[in-house]
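Asker: Using the sequences provided together with the hints, build the complete structure.
Numbered per this note's numbering, the sequence shown spans residues 78 to 261.
FYI, nobody ran anything at the bench for these hints, they're computed from the structure.
Heads up, some of the hints might be wrong.
To be verified - Mimicking DSBU-like on lysine-lysine, the simulated pairs with C-alpha atoms at most 30 Å apart in a straight line are:
| hint | residue 1 | residue 2 |
| --- | --- | --- |
| 1 | 143 | 114 |
| 2 | 162 | 181 |
| 3 | 237 | 248 |
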Amino acid sequence: MSMKEWETIQLYYACKLVAGYAFKSKDFGDYPDKVIKITHIVPPTVDMKNLTGVDLSQYERKKLIKYIAKQGDYVLAMTGATIGKMGRIEESEAYVNQRVLLFKNNPNVDKDYLFYVLQQNKFQQYILNHIDSESAQPNISAATVGKYEFLLPSLKIQNKIGKFLRLIDDKINVNNRINDNLAA
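Answerer: And the structure:
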């Protein structure tokens, strides 16, 4: 299959986009349920060790289910100076706070392939070119992100590309840990 045969699709066909929930700031504290905020996105991952706790006693948990980011999902900053930064959930799960966009994959799209498509400069440039407001703080909506177009090969090719790139990332992570241990 040549690249000419790859289909051009919009992002919202490849995954479900869920804009985070607006938890009340008074509910944040030392609680077991955790929330991913923009500050926790440390590309290419999410810092799951330093998440903010939230008291969910005043919320209906059933209504919050769609805001849960699970291992393998990824998130995007939708506002501020770091608009467009992305991170993958490597472990555990947590709720997604407002102005954080959660990507929930379609089973017909390889998660790793899509993640690497969204790591490209082309996607970052799309974000910067489609900022919804020119106010003091830049913003982008889930609908605008969902209109991003990219090439999608067959699932078999997606799997090969995603697996190859993930193996390289895993090797880089191992080498970084070795370097950190040697420096310590």
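Asker: Compare the structure with each hint and give your call.
Answerer: We went through each hint and held it up to the structure:
no.: 1; hint: 143 with 114; verdict: holds (16 Å)
no.: 2; hint: 162 with 181; verdict: holds (17 Å)
no.: 3; hint: 237 with 248; verdict: holds (17 Å)
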